[in-house]
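Engineer: Below, each chain spelled out in residue letters.
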Amino acid sequence: MEIDWIWGLLGGLLIGSGGAVYLLANGRIMGASGIIGGLVDGSGHATGGERLSFLAGVVTLPFLLTLMFGAVATHITGNLAVLVIAGLLVGIGTRLANGCTSGHGVCGISRLSLRGLVATCIYIAAGVFTVVLFRHLLGIV
Amino acid sequence: MRMLFAFIAGSLFGIGLHLSGMTDTAKVQGFLDIFGNWDPTLAFVMGGAIVPMSLAWRLAQRRAEPLAGGRFPAPPTPRLDRRLVTGSVMFGMGWGLAGLCPGPAIAALSYGGAPLVVFVLAMLAGMWLAPRARSYLDSTVPAE
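Taken in sequence, the protein lines are chains L and H. This note's numbering puts the first residue of the first sequence at 370, with every later residue one more than the last. This note's numbering puts the first residue of the second sequence at 129, with every later residue one more than the last.
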């Protein structure tokens, strides 16, 4: 537990390195919701190949790591209603805001984008409010 | 070439999400739960990711074009609009409810079992609905 922050920092450096490669090699902003969303709504059809290649890496490498070092617990809820509502909110919300934790949070803040900073403050505040409400007051999550 | 670079970028992103613990919804909700047993890991992940990314933006400014051709993204606009605010509120609520955002959801897809699949399907449905939500949102306010 005490060394979690070291793994966090190391993982963060790798996440940022991925973003650096995507920017310097392909000239693209590494935003997970944008990369997926462009495939879903057809707006990123022309760049479908690189989007799918990126996502293939995101799915495959953690899978290989679990094969080598064992699975990691996700502690995800089994509550169907929570999963569906949360998924819909994340899907619609990130596309409306044009970014999520990777696009606005990592890529936006690192280029001192006002939109990225504001979006990050808002979704963290909304997340805090939601966890406090649904965990401490309603006891659902 | 673009596809290879994209795969490498996605691989680094996936390894980073996996090792950092961000595919563990308990750690994400633990960060958001400031009145509970607060877990600061997410702040280290964000901070760690911003370091190489800041360097990359600086490097990009000094280069004419990306390695694989094309153009670098346009400078960010400072425009704050209704979409950004509404969308971020919705995203934050969903993030808090499930403890998952789009990147980690994809990274954990192979080992998260049925609940992860349900979440990702709902997220894809939400992304498919987003253009409709966007026009609805724009129609409810007078044009700026």
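Don't read these hints as lab results, they were simulated from the structure. Heads up, some of the hints might be wrong.
[As the list claims (entries may be wrong)] Chain H is faced by these chain L residues, among others (derived, beta-carbon under 8 Å): (1) 388; (2) 390; (3) 417; (4) 423; (5) 457.
Ideal Cβ positions, reconstructed from N, Cα and C, are used throughout, including at glycine.
Engineer: Holds or violated: residue 388 of chain L as interface residue toward chain H, Cβ cutoff 8 Å?
Structural biologist: With a minimum Cβ separation of about 5 Å from chain H (threshold 8 Å), the hint on residue 388 of chain L holds.
Engineer: Is the shortest C-beta separation between residue 417 of chain L and chain H less than 8 Å?
Structural biologist: This interface hint is violated because 10 Å lies over the 8 Å limit.
Engineer: Mind checking the CB of residue 390 of chain L against every CB in chain H and telling me if the closest is under 8 Å?
Structural biologist: Nearest chain H Cβ about 4 Å off; hint holds.
Engineer: With chain H as the partner, please determine if residue 457 of chain L meets the hint condition of a C-beta pair closer than 8 Å.
Structural biologist: 4 Å, holds
Engineer: Just to be careful: measuring from the Cβ of residue 423 of chain L to every Cβ in chain H, is the smallest value less than 8 Å?
Structural biologist: 4 Å, holds
Of the hints listed earlier, the one the structure fails to meet is number 3.
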